[in-house]
Amino acid sequence: MADKWELAIDDITPGLLLGADLFDEFGIVLCREGEPLTNSLVMELRQGGIKKVTVKKAKMADIDITQPAIDHFAEFDHHVDKCLSMVMHHDEVQQISGIIKKVNRSRAQSSDMGLKN
Amino acid sequence: MADSYATMVGELKELPSPPMVIQRLQAIFVKNEITGREIAQIVETDQGFTARVLRLVNSPFYGFARKIVSVEEAISMLGFNSIKQLILATSMMNAFKNQQYAINMRKFWLHSLAVGVIAKHLLYNRNSDTQNEAFLCGLLHDVGRLIFSKMDPMKFTAFYFDMKSVTNIENETKFFGIDHQKLGELLAKKWNFPESIATVIANHHTPLEAKGHNLLVSAVNIADIVAHAFAIGDSANFYISDFYPEAWKTLGLDFERFEKTLHNALDDVDKSNETMGEFH
Chain H
0 MADKWELAID DITPGLLLGA DLFDEFGIVL CREGEPLTNS LVMELRQGGI KKVTVKKAKM
60 ADIDITQPAI DHFAEFDHHV DKCLSMVMHH DEVQQISGII KKVNRSRAQS SDMGLKN
Chain X
0 MADSYATMVG ELKELPSPPM VIQRLQAIFV KNEITGREIA QIVETDQGFT ARVLRLVNSP
60 FYGFARKIVS VEEAISMLGF NSIKQLILAT SMMNAFKNQQ YAINMRKFWL HSLAVGVIAK
120 HLLYNRNSDT QNEAFLCGLL HDVGRLIFSK MDPMKFTAFY FDMKSVTNIE NETKFFGIDH
180 QKLGELLAKK WNFPESIATV IANHHTPLEA KGHNLLVSAV NIADIVAHAF AIGDSANFYI
240 SDFYPEAWKT LGLDFERFEK TLHNALDDVD KSNETMGEFH
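Going line by line, the protein sequences match chains H and X. Position 63 of the first sequence, counting from 1, maps to 62 under numbering that gives the first Met the number 0, and the rest follow consecutively. Position 224 of the second sequence, counting from 1, maps to 223 under numbering that gives the first Met the number 0, and the rest follow consecutively.
If you are wondering where the hints come from, they were derived from the structure by calculation, not from laboratory data. Virtual Cβ for every residue (Gly too), placed ideally from N, Cα, C. Heads up, some of the hints might be wrong.
[Said to hold, decoys possible] Far from chain H by the CB rule (all over 12 Å, computed), these chain X residues:
no., residue
1, 29
2, 98
3, 151
4, 176
5, 244
[Stated by the list, open to error] Computed list of lysine-lysine pairs in DSS-like fashion (alpha-carbon distance at most 27 Å, straight line):
no., chain 1, residue 1, chain 2, residue 2
6, X, 259, X, 210
7, X, 189, H, 101
8, H, 50, X, 248
9, X, 106, X, 149
10, X, 106, H, 81
11, H, 55, X, 96
12, X, 83, X, 210
13, H, 81, X, 248
14, H, 100, H, 55
15, H, 3, X, 106
16, H, 51, X, 106
17, H, 3, H, 51
18, X, 154, H, 50
19, X, 106, H, 56
20, X, 106, H, 100
21, H, 51, X, 149
22, X, 83, X, 96
23, X, 210, H, 81
24, H, 100, X, 259
25, H, 50, H, 3
26, H, 50, X, 173
27, H, 101, X, 30
28, X, 248, H, 51
29, H, 100, X, 83
30, X, 188, X, 210
31, H, 100, X, 248
32, X, 181, X, 149
33, X, 106, X, 30
34, H, 101, X, 83
35, H, 50, X, 83
36, X, 210, X, 30
[Said to hold, decoys possible] Per the computed footprint, the stretches of chain H lying under chain X, defined by three or more beta-carbons under 8 Å from a beta-carbon of chain X, are:
no., stretch
37, 32-45
38, 78-90
Okay, chain H solo, but in the shape it has when bound (with noise of 0.2 Å):
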């Protein structure tokens, strides 16, 4: 299998790392070769227009372990604000948005338990 490959942006899975720089249309990097693709990247590169990226699995010696691991919840909250940033001004969505960030938490928590089980 080849060290880097084409995927379309739909496809693409966690563990999978930028193959290459990407570029928007005036040539400016968007990102740089061996950043992770993860959950938030991928949807601000699908809302950049973005169909298609050069990807490579990562390797023992890509991973920096001086640093800590993706925060996923962080991510999730993050994808929730911007989601709804354009009604958060409702009170009732602060709510509705504290309590989807609340349950996914209590979700992945319970997944984790029933893995160690």
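The hints should help you fit chain X onto chain H, whose structure is shown.
For chain X alone, kept in the frame of chain H given last:
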């Protein structure tokens, strides 16, 4: 330049008409007295369609403790109205199957299914007919987007993915000459769908404009917001551009109950993988 409304409506003629089995069923649905056996006999003339109806009836969304093995049994368990709507919804989803669209169909239907499941759970304290109706309304709420995607894939992609703009009803109307709510409603009417489903399709982003069926419209409107916030599937829309406190109030939910409802709904969405194959 926006296409004219008349052109769009004219092009609807290119869309599939209801299949023969649905046309025969609609002919008997208008009768005052109708038996489950009559409906079952017509449905069962199409074995593939029968199998799809039964798979949906036996999916976690209907929650029967035992397996339903015949259409007649499904009618006795679900009731006349629910089975009628389920048959219509199944046939419409089938009409969009195995075709090329400028959208990831699996993600599209996953989003739609999540909206249906969440809408059903938001109405947890209503009767099962209303809950089942909410599920099907949610499942079909964005069917207008599929029509955009089918009719002009390049334009669809340009609008939803290249414009980098917030997609809302006004922008859609400016760009396409019609919005996905109205387009979906036209299809629902062409297929003689129940008024409740057509109304929800026509107003799921504009609940205050709905003429009737406010509970269903509100449930699908809020469920759509929740499904987007949880990033379940993809309806080619990212930002929520409108929220109507009135729709939230119509549901009569307190926030504590809402939290429980989300847990229950997401449990059901998690079980959806097996059924997803029916949709795309």
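- Task: For the pair we were handed, residue 50 of chain H and residue 173 of chain X, check the Cα-Cα distance against 27 Å.
- Result: Answer holds: residue 50 of chain H to residue 173 of chain X is near 25 Å, not above 27 Å.
- Hey, residue 101 of chain H versus residue 30 of chain X, does the alpha-carbon distance stay inside 27 Å? violated, 50 Å
- Task: With 12 Å as the threshold, tell me whether residue 98 of chain X passes as away from chain H on beta-carbon distances.
- Result: At roughly 17 Å from the nearest Cβ of chain H, residue 98 of chain X sits farther out than 12 Å, so the non-interface label holds.
- Query: According to a criterion of three or more residues whose C-beta lies within less than 8 Å of a C-beta of chain X, is the stretch 32-45 of chain H covered?
  - Reply: holds (count 3)
- Message: Next pair to validate is residue 106 of chain X with residue 81 of chain H; report whether the Cα-Cα distance is within 27 Å.
- Response: holds, 20 Å
- Pairwise hint evaluation, residue 101 of chain H against residue 189 of chain X, where the allowed Cα distance is 27 Å at most: violated, 43 Å
- Query: If you draw a straight line from the CA of residue 55 of chain H to the CA of residue 96 of chain X, is it 27 Å or shorter?
  - Reply: violated, 33 Å
- Claimed coverage, the stretch 78-90 of chain H by chain X - three or more beta carbons nearer than 8 Å: holds (count 9)
- Is it true that the CA of residue 181 of chain X sits at most 27 Å from the CA of residue 149 of chain X? With Cα atoms ~16 Å apart, residue 181 of chain X and residue 149 of chain X stay inside 27 Å; holds.
- Quickly compare the C-alpha distance for residue 154 of chain X and residue 50 of chain H to 27 Å and report which way the hint goes. Given pair residue 154 of chain X, residue 50 of chain H holds - Cα atoms ~15 Å apart, limit 27 Å.
- Item | Restraint status (C-alpha distance of residue 106 of chain X to residue 100 of chain H at most 27 Å) | holds, 22 Å
- For residue 176 of chain X, is the shortest beta carbon distance to chain H beyond 12 Å? About 23 Å separates residue 176 of chain X from the closest Cβ of chain H, which puts it past 12 Å; holds.
Violated hints, in rising order: 5, 6, 7, 8, 11, 14, 23, 27, 28, 29, 33, 34 and 35; the structure is consistent with all others.
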